[in-house]
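Asks: Chains as they are written, first to last, in this note's numbering: chain A, 1420 to 1760; chain B, 1420 to 1760.
In short, the hints are calculated from the structure, not lab data.
Mixed in with the good hints, there may be bad ones.
Once the Cα atoms are required to be at most 30 Å apart in a straight line, the calculated BS3-like pairs of lysine-lysine come out as [to be verified]:
id	chain 1	residue 1	chain 2	residue 2
1	B	K1642	A	K1687
2	B	K1724	A	K1694
3	B	K1509	A	K1576
4	B	K1552	A	K1576
5	A	K1694	B	K1642
6	B	K1520	A	K1716
7	B	K1749	A	K1519
8	B	K1552	A	K1509
9	A	K1576	B	K1432
10	A	K1723	B	K1642
11	A	K1750	B	K1520
12	B	K1532	A	K1576
13	B	K1723	A	K1687
14	B	K1687	A	K1508
15	A	K1687	B	K1694
16	B	K1576	B	K1432
17	B	K1724	A	K1642
18	B	K1716	A	K1519
19	A	K1502	B	K1724
20	B	K1750	B	K1552
21	A	K1724	B	K1687
22	A	K1520	B	K1432
23	A	K1597	A	K1465
24	A	K1749	B	K1552
25	A	K1576	B	K1750
26	B	K1687	A	K1687
27	A	K1543	A	K1716
28	A	K1716	B	K1519
29	B	K1597	A	K1716
30	A	K1508	B	K1576
Protein chains: 2
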Amino acid sequence: MNDTFLRACMGEKVDYTPIWIMRQAGRYLPEYQAVRKKVDFLTLCKTPELAAEVTLQPVDILGVDAAILFSDILIPLEPMGVKVRFLEKKGPQLRPVMRKKRDIEKLTVINPKRDVPFVLDTIKLLRRKLRRKVPLIGFSGAPFTLATYMIEGGSSKNFLETKRMMFSAPELFHSLMKRITETTISYLSAQIKAGAQAVQIFDSWAGALSPDDYREHSLPFVKRTIEELKPLGVPIIYFVNNCGGLLELARTSGADVIGIDWRVDISKAITRLGKGVSVQGNLDPLALFSDEGVLEKKVADIIKKGRRARGHIFNLGHGILPQTPPEMAKKLVQMVHELSG
Amino acid sequence: MNDTFLRACMGEKVDYTPIWIMRQAGRYLPEYQAVRKKVDFLTLCKTPELAAEVTLQPVDILGVDAAILFSDILIPLEPMGVKVRFLEKKGPQLRPVMRKKRDIEKLTVINPKRDVPFVLDTIKLLRRKLRRKVPLIGFSGAPFTLATYMIEGGSSKNFLETKRMMFSAPELFHSLMKRITETTISYLSAQIKAGAQAVQIFDSWAGALSPDDYREHSLPFVKRTIEELKPLGVPIIYFVNNCGGLLELARTSGADVIGIDWRVDISKAITRLGKGVSVQGNLDPLALFSDEGVLEKKVADIIKKGRRARGHIFNLGHGILPQTPPEMAKKLVQMVHELSG
Chain A
1420 MNDTFLRACM
1430 GEKVDYTPIW
1440 IMRQAGRYLP
1450 EYQAVRKKVD
1460 FLTLCKTPEL
1470 AAEVTLQPVD
1480 ILGVDAAILF
1490 SDILIPLEPM
1500 GVKVRFLEKK
1510 GPQLRPVMRK
1520 KRDIEKLTVI
1530 NPKRDVPFVL
1540 DTIKLLRRKL
1550 RRKVPLIGFS
1560 GAPFTLATYM
1570 IEGGSSKNFL
1580 ETKRMMFSAP
1590 ELFHSLMKRI
1600 TETTISYLSA
1610 QIKAGAQAVQ
1620 IFDSWAGALS
1630 PDDYREHSLP
1640 FVKRTIEELK
1650 PLGVPIIYFV
1660 NNCGGLLELA
1670 RTSGADVIGI
1680 DWRVDISKAI
1690 TRLGKGVSVQ
1700 GNLDPLALFS
1710 DEGVLEKKVA
1720 DIIKKGRRAR
1730 GHIFNLGHGI
1740 LPQTPPEMAK
1750 KLVQMVHELS
1760 G
Chain B
1420 MNDTFLRACM
1430 GEKVDYTPIW
1440 IMRQAGRYLP
1450 EYQAVRKKVD
1460 FLTLCKTPEL
1470 AAEVTLQPVD
1480 ILGVDAAILF
1490 SDILIPLEPM
1500 GVKVRFLEKK
1510 GPQLRPVMRK
1520 KRDIEKLTVI
1530 NPKRDVPFVL
1540 DTIKLLRRKL
1550 RRKVPLIGFS
1560 GAPFTLATYM
1570 IEGGSSKNFL
1580 ETKRMMFSAP
1590 ELFHSLMKRI
1600 TETTISYLSA
1610 QIKAGAQAVQ
1620 IFDSWAGALS
1630 PDDYREHSLP
1640 FVKRTIEELK
1650 PLGVPIIYFV
1660 NNCGGLLELA
1670 RTSGADVIGI
1680 DWRVDISKAI
1690 TRLGKGVSVQ
1700 GNLDPLALFS
1710 DEGVLEKKVA
1720 DIIKKGRRAR
1730 GHIFNLGHGI
1740 LPQTPPEMAK
1750 KLVQMVHELS
1760 G
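Please model the complete structure; the sequences and the hints are all you need to start from.
Replies: Structural data, given as structure tokens:
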């Protein structure tokens, strides 16, 4: 198996910079669209054969150095007691919204084997299919990011209700965060036990918080999650979107790898993160709409700067956009391998 | 006149920390709503008596230390040759979108006296009405931020078309940026000559760029703008939204004051900006949905940290939200004055 990705996570010597792409199994790939046409999004997530099929597509088509489970961060919220609907164009809708004590107190911590067996089955199936290929990454949303969906009832621009609760009823907010954290721990532990060889925690909305609020209302729950997962012995990646103000704090999470977005210079980020962690990132996803020459210059720069880190996994600074030409994603993987090898 | 704001901009001694609020004349105020009910948004911008009336409202109601011209950053784009419509809920719509050479070449540099006399008349009217009160701030969008609206045809989530042009046709992009920059210079110069006692350049979307792209595609045009305005002798504030990765670069803009958003710690920002500039910011606009005790803690913290800057103007880290209770805005102004005095 190509273990370059796992080695980079732990800061071990590698022959080249490994790469995978956030949302690499997704709408920009015609092969994904073909599968997706047959079933709705939730059915795709919940059918191991299909979820495994789309997970493998970018491994074969792009030649990335890791596969990531095809699923959605909102999947574990359903068995907690929240009805989740994925509406085309409008994004996810979650009901009831979690703003009242009596609703929050009804939430349960999930039992993955009973509640999300399809996720564990997908992982087991994938491990068999990936045997001589690349490692498999499992994932979940970070507690704060999941909380925003539960409180807002979907995506949000300003996180008005989340912050209103955080600033005016912090105990209530923390009681919700604790429940989500326990579910996250249970969910990721089960993924690792089923065969995930690394896990990524997506804190997609942490960057909406001031550093002080992040320290108080998000970070402790990430720390607790990572603490519980550490004994399971797989690399833990903590992706902090819009991390520019948060890196010094994110470093204390205990993660083996900090994933960063493109709005920071990776060289400066490495300095701020120090020698104790590997770094993942951080090409602007929109760079895949460049001329090849412009793309190559950007990729070479990130690879060069990334060498200063304990370990560097190349990735985009956020998920690949549905409009991305697949040939540019292929080109990117080739470039990273050639320029770093 | 209360010149505390102007003194803080230039790093002179002040008796307390001055405060104004981005979008302080706006929808959260019932008094604004009352005026707005009578006319549409563009008519309000273009009628000096009404624009002046809503500009003055927060000065009287909140007791802020500066007034800011009521207008919109898209106003100078109309006389350049772009049709701008403000659609309720859907946001602005600009046509034609600027993606082709022949469209960009048709754009003209505005002549403010001829093209936007209502802006200059509003400023003159306001200076008379503000005589013994507070200074008046003029403003414009930064060239990059204005370019995104022109290229996308409105607001945008990912700036796909803007970055596509930037990365695949940089000369074309720069030719658009140059035209916008000349308009911005002419527009702000005219505002200052009409009586604006400070100007703020809003780079609302600069934070969507990687630091390298910001250095190449946005900053030079801001620098050129500020260079041209400097001889006019009023303080220049450069607001960089989502500045976490950009502060060291923004510092080189030549502005007297750097406005920062709430996603960075103001103390760290001051260190990164150095002693040569004053700092404006940076309370999370959502903090106005807090308990008073929580708000006070946050305000006191920012004031304390702000003392390390050459000068500090208190502000939110982004515009005040329409849903904000007006009494919380009042409370904020009182708190800043009391805690810093």
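Asks: Next, verify each hint and record whether it holds.
Replies: Here is what the structure says about each hint:
1. K1642/B <-> K1687/A: holds, 23 Å
2. K1724/B <-> K1694/A: With a Cα-Cα distance of about 29 Å, the restraint between K1724/B and K1694/A holds, given a limit of 30 Å.
3. K1509/B <-> K1576/A: holds, 14 Å
4. K1552/B <-> K1576/A: Violated. K1552/B to K1576/A sits at ~36 Å, over the 30 Å cutoff.
5. K1694/A <-> K1642/B: Measuring from Cα to Cα gives roughly 36 Å; hence the hint is violated.
6. K1520/B <-> K1716/A: Distance of about 25 Å is within 30 Å: holds.
7. K1749/B <-> K1519/A: Judged against 30 Å, a Cα distance of about 29 Å means the pair holds.
8. K1552/B <-> K1509/A: violated, 47 Å
9. K1576/A <-> K1432/B: Cα-Cα ~38 Å, so violated.
10. K1723/A <-> K1642/B: holds, 29 Å
11. K1750/A <-> K1520/B: holds, 28 Å
12. K1532/B <-> K1576/A: violated, 38 Å
13. K1723/B <-> K1687/A: Status holds; Cα separation ~27 Å.
14. K1687/B <-> K1508/A: violated, 39 Å
15. K1687/A <-> K1694/B: It holds: about 21 Å lies between the C-alpha atoms, which stays within 30 Å.
16. K1576/B <-> K1432/B: violated, 41 Å
17. K1724/B <-> K1642/A: OK: K1724/B and K1642/A at ~27 Å, within 30 Å.
18. K1716/B <-> K1519/A: Status holds; Cα separation ~25 Å.
19. K1502/A <-> K1724/B: At roughly 44 Å apart (the allowed maximum being 30 Å), K1724/B and K1502/A break the hint.
20. K1750/B <-> K1552/B: holds, 20 Å
21. K1724/A <-> K1687/B: Holds - the C-alpha atoms of K1687/B and K1724/A are around 23 Å apart, at most 30 Å.
22. K1520/A <-> K1432/B: violated, 49 Å
23. K1597/A <-> K1465/A: holds, 26 Å
24. K1749/A <-> K1552/B: Violated. K1749/A to K1552/B sits at ~62 Å, over the 30 Å cutoff.
25. K1576/A <-> K1750/B: holds, 25 Å
26. K1687/B <-> K1687/A: Given that 30 Å is the threshold and the Cα spacing comes to 14 Å, the pair holds.
27. K1543/A <-> K1716/A: violated, 39 Å
28. K1716/A <-> K1519/B: holds, 25 Å
29. K1597/B <-> K1716/A: Satisfied, since the Cα-Cα distance of roughly 24 Å is no more than 30 Å.
30. K1508/A <-> K1576/B: Given that 30 Å is the threshold and the Cα spacing comes to 14 Å, the pair holds.
Hints 4, 5, 8, 9, 12, 14, 16, 19, 22, 24, 27 from the earlier list are contradicted by this structure; the remaining hints agree with it.
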